[in-house]
Amino acid sequence: MFSIKNFFILLSLISAYILITEAQEKKVCEANQIFNGQDCMCAPGYFSSKSDESKSRCEDECEDTFKSIFVQGVCVKGIFSRIDRNKQPECNLRCGMNFHWWTTVGLLTIAAASIATLIFTIPMCIATCSSCLHARKANKNAKRVYEETTNPQPNKDQSAVATMGYNPYSYWPYYAPRA
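Just so we're aligned: the sequence shown equals residues -23 to -1, 1 to 156 in mature numbering (1 follows the signal peptide of the UniProt record, and there is no 0).
Source of the hints: derived by calculation from the structure; they are not laboratory data.
Note that the structure is a prediction, hence the values are computed from the model and not measured.
All residues carry an ideal CB built from backbone N, CA and C; glycine is no exception.
Be aware that one or more of the hints could be misleading.
Stated by the list, open to error - Computed list of lysine-lysine pairs in DSSO-like fashion (alpha-carbon distance at most 27 Å, straight line):
1) K64 with K27
2) K32 with K44
3) K54 with K44
4) K32 with K64
5) K54 with K27
6) K44 with K27
7) K32 with K54
8) K64 with K54
Unchecked claim - Ranges between beta-carbon positions, derived for each pair:
9) D16 with L85: 45 to 51 Å
10) T42 with I(-4): 40 to 46 Å
11) L84 with V51: 15 to 21 Å
Construct the entire structure; sequences and hints are all you get.
Spelled out as structure tokens, the structure:
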């Protein structure tokens, strides 16, 4: 008799067989490739260095993608240069961008100007700040001298000292009375 347990075992064996045969028939693609149903082709953004058509398409597409006043598109060849030549994938070209020479000169000029600004501005700020502090102190001192010369009124501390009796021997212990 055919039981349900035997039916599930047979069903699992058939499904395993189908999966194994499908996996063997399916072509395995290399890095940067996708399977389009029949064979492997380069993934979007990657190009093959083995065919001239793919190389020229890479150059045209990179030039169109990255073309501007400051940068230009180039087809980069050495993205897998650290891997052995025979182990490199077929799709080994990719778009990159390269600065025009005037962009490089402009960036270096801007960097040099900013560094020079920092070098020359910081000491000027320090000198300005210290001269401002000295001028403020001199202004305060000039106001005090002016007020003392125009209004010769003794202030609170001076009047307190003037009314106190002065004992010249009060701080000397050997003049203190003996017990």
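We went through each hint and held it up to the structure:
no.: 1; hint: K64 with K27; verdict: 14 Å, holds
no.: 2; hint: K32 with K44; verdict: 18 Å, holds
no.: 3; hint: K54 with K44; verdict: 19 Å, holds
no.: 4; hint: K32 with K64; verdict: 20 Å, holds
no.: 5; hint: K54 with K27; verdict: 12 Å, holds
no.: 6; hint: K44 with K27; verdict: 25 Å, holds
no.: 7; hint: K32 with K54; verdict: 10 Å, holds
no.: 8; hint: K64 with K54; verdict: 15 Å, holds
no.: 9; hint: D16 with L85: 45 to 51 Å; verdict: 48 Å, holds
no.: 10; hint: T42 with I(-4): 40 to 46 Å; verdict: 43 Å, holds
no.: 11; hint: L84 with V51: 15 to 21 Å; verdict: 18 Å, holds
Every hint, counting from the list given before, is met by this structure.
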